[in-house]
Amino acid sequence: MRRRRALWFWVFVGPFAAGLTLFTYVPLLWSVGLSFFDAHNTVTPTHFVGLDNYTAMLRDGAFVGSLKTFLLFTAFIVPVTYLLSLSLALMVNRVRWARAFFRSVFFLPAACSYVVAALVWKMSIFNGVRFGLANTVLGWFGGDPVAWLSTTDPPWYWLVIVSVRLWLQAGFYMILFLAGLQRIDPVLYEAAAVDGARPGWTVLRHITLPQLRATSVAVVLLLVINAFQAFDEFYNLLSDARGYPPYARPPLVYLYYTALGQGQNLGLGSAGAVILALIVAVVTVGQARWLKLGRTDPDG
Amino acid sequence: MDDALVRAGRALRLALLIALALLFLIPFYLLLRNGLSSEQDITSPEWTFFPGELKWGNVRELFDDPSVPFARSLLNSALIAIATTLGTLLLSSLAGYGLARIPYRHANKVFYGVLGTLLVPAAVTFVPSFVLVSSLGWISTLRGLIVPTLFSAFACFVFRQYFLGFPRELEDAAQVDGLGYWRTYWLVVVPNARPVFAAVGTIVFLGAWNSFLWPLVIGQDQSAWTVQVALSSFTTSQVIRLHELFVAAVVSILPLLLVFLCFQRWIVAGVERSGID
Chain A
1 MRRRRALWFW
11 VFVGPFAAGL
21 TLFTYVPLLW
31 SVGLSFFDAH
41 NTVTPTHFVG
51 LDNYTAMLRD
61 GAFVGSLKTF
71 LLFTAFIVPV
81 TYLLSLSLAL
91 MVNRVRWARA
101 FFRSVFFLPA
111 ACSYVVAALV
121 WKMSIFNGVR
131 FGLANTVLGW
141 FGGDPVAWLS
151 TTDPPWYWLV
161 IVSVRLWLQA
171 GFYMILFLAG
181 LQRIDPVLYE
191 AAAVDGARPG
201 WTVLRHITLP
211 QLRATSVAVV
221 LLLVINAFQA
231 FDEFYNLLSD
241 ARGYPPYARP
251 PLVYLYYTAL
261 GQGQNLGLGS
271 AGAVILALIV
281 AVVTVGQARW
291 LKLGRTDPDG
Chain B
1 MDDALVRAGR
11 ALRLALLIAL
21 ALLFLIPFYL
31 LLRNGLSSEQ
41 DITSPEWTFF
51 PGELKWGNVR
61 ELFDDPSVPF
71 ARSLLNSALI
81 AIATTLGTLL
91 LSSLAGYGLA
101 RIPYRHANKV
111 FYGVLGTLLV
121 PAAVTFVPSF
131 VLVSSLGWIS
141 TLRGLIVPTL
151 FSAFACFVFR
161 QYFLGFPREL
171 EDAAQVDGLG
181 YWRTYWLVVV
191 PNARPVFAAV
201 GTIVFLGAWN
211 SFLWPLVIGQ
221 DQSAWTVQVA
231 LSSFTTSQVI
241 RLHELFVAAV
251 VSILPLLLVF
261 LCFQRWIVAG
271 VERSGID
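Those protein sequences? They're chains A and B, same order as listed. So that you can map any letter, position 258 of the first sequence is 258 in the UniProt record's numbering, and since no number is skipped, the others follow by simple counting. So that you can map any letter, position 138 of the second sequence is 138 in the UniProt record's numbering, and since no number is skipped, the others follow by simple counting.
Bound conformation, chain A alone (with noise of 0.2 Å):
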């Protein structure tokens, strides 16, 4: 019986668990493998280099520098899609009319891909001549038109990047946020109506928040993890038929270049990449652990 178990267990997880070995555990191994190498265009390469792949990822200013690019991305992102995400929610929550109306609209933009909107961003909206639309709204206060995403002091183009996943993003944490707010049990607000709390921010504060405390740890989390794996948004608004600029790199797009641009170093790709994902996951583990995510109900 017990065996006939096994088997059937066996039947049913061992394809996916294959193929996610195949795919996910072996390119690891391998990658772990190769950035032990001088693997420039092999995939086989023969000439061992110990650390030295590491090390001239870690000295490579560009590299670090595409670290630094993810933090103050992050520091950016975050923050401001937090916010939006939670007002959004907050108020499409309590407004009584057309409330499918207004959640559809800020989630729909999560149809979109980075590709398009990144289009709309570079060809229309911030396209830095005199007829895009910023350039024409900046116009009727008296601006002087900006060139958005090639002007590096100010750094403009950081509006231009936040702004596109901003409005991609912002609508699917309402909902998860939107999702936090319906399971709050009235009786709480009653209860606060009942000792004088006024509506408004003293319930917010003393309540809403608190409540919401689970949802706000899995949004920055999710949050925080996106940010890493930024690559669309920044290859599609910055990169044009001469290359990429040598600002605004973040690690993904330095990797490309470098593992699958003209020189097609492999090991030194490789490498970076397991450089990058020690980070994730030590982010994510340290994160997870300090803001206690462990210790929600396991069927949450």
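Label pairs and their in silico Cβ distance ranges:
id: 1; chain 1: B; residue 1: R7; chain 2: A; residue 2: L67; range: 43 to 53 Å
id: 2; chain 1: B; residue 1: P167; chain 2: A; residue 2: T136; range: 53 to 63 Å
id: 3; chain 1: A; residue 1: T44; chain 2: B; residue 2: S223; range: 19 to 29 Å
id: 4; chain 1: B; residue 1: L16; chain 2: A; residue 2: D195; range: 22 to 32 Å
Partner residues are not named here, just some residues of chain A that face chain B (Cβ under 8 Å, in silico):
id: 5; residue: F9
id: 6; residue: F23
id: 7; residue: M91
id: 8; residue: K122
id: 9; residue: L133
id: 10; residue: W167
id: 11; residue: F228
id: 12; residue: N236
id: 13; residue: L255
id: 14; residue: V280
What the hints contain is simulated information worked out from the structure, not anything from laboratory work. Beta carbons are placed, not taken as given, at the ideal position from N, Cα and C, and that holds for glycine.
Knowing the structure of chain A, use the given hints to seat chain B on it.
Below, chain B without anything else, positioned relative to chain A:
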């Protein structure tokens, strides 16, 4: 006095919501406006909110342009998104059910093995995965674009959580009737789990249609381009004419908007029960 204040607050909130909603809709409007404008209207030195005349011919022009493999890339995207969705649903629902319901000594170890891969985001493994796929000779093939993406730890996790909370009575009755795990799953469990299939399926479909980095890396020949890669190559090379580019973008999001509007409720339900909070 208090009543007036509350009403004023409500009106203010509604006004703010409407303003934000308009702001969120502007990019969609721009896509449509530019897609149906002539080149001159898009780049006119004076901003116009409405194009002079609507050019429905732009759609024809896009598909007739021999320098742009757009129809081919649409077909590729459709094949990839459908195959990825069906394959992911099959593989991860089976695995999720096995992990949730079939008692086995090492089930926990297997589950942690699955969870562990969530810590390493797929995007970070694109270099080694590229290496693997190229050594299999799958570069620029639909196989290479589909098969490696079929094993979603996220989908498996969602199915497992869902089946853990699934009422056992139905399956018990089926077992009493002499059905084994396999037939119980197909005849009893699947028909009663449609919401989670719809939710995960929609999320996977959107993700597959919109994904960019993997198709960019694997789909190197034009014949293996997806819609996203095709659009991106136009924006970075700047040879395509603007109105064609925008109409291409509109065509590329239409299928998704359709899926999205039909299944919106399921996505919301799926996101809510995805077990992340």
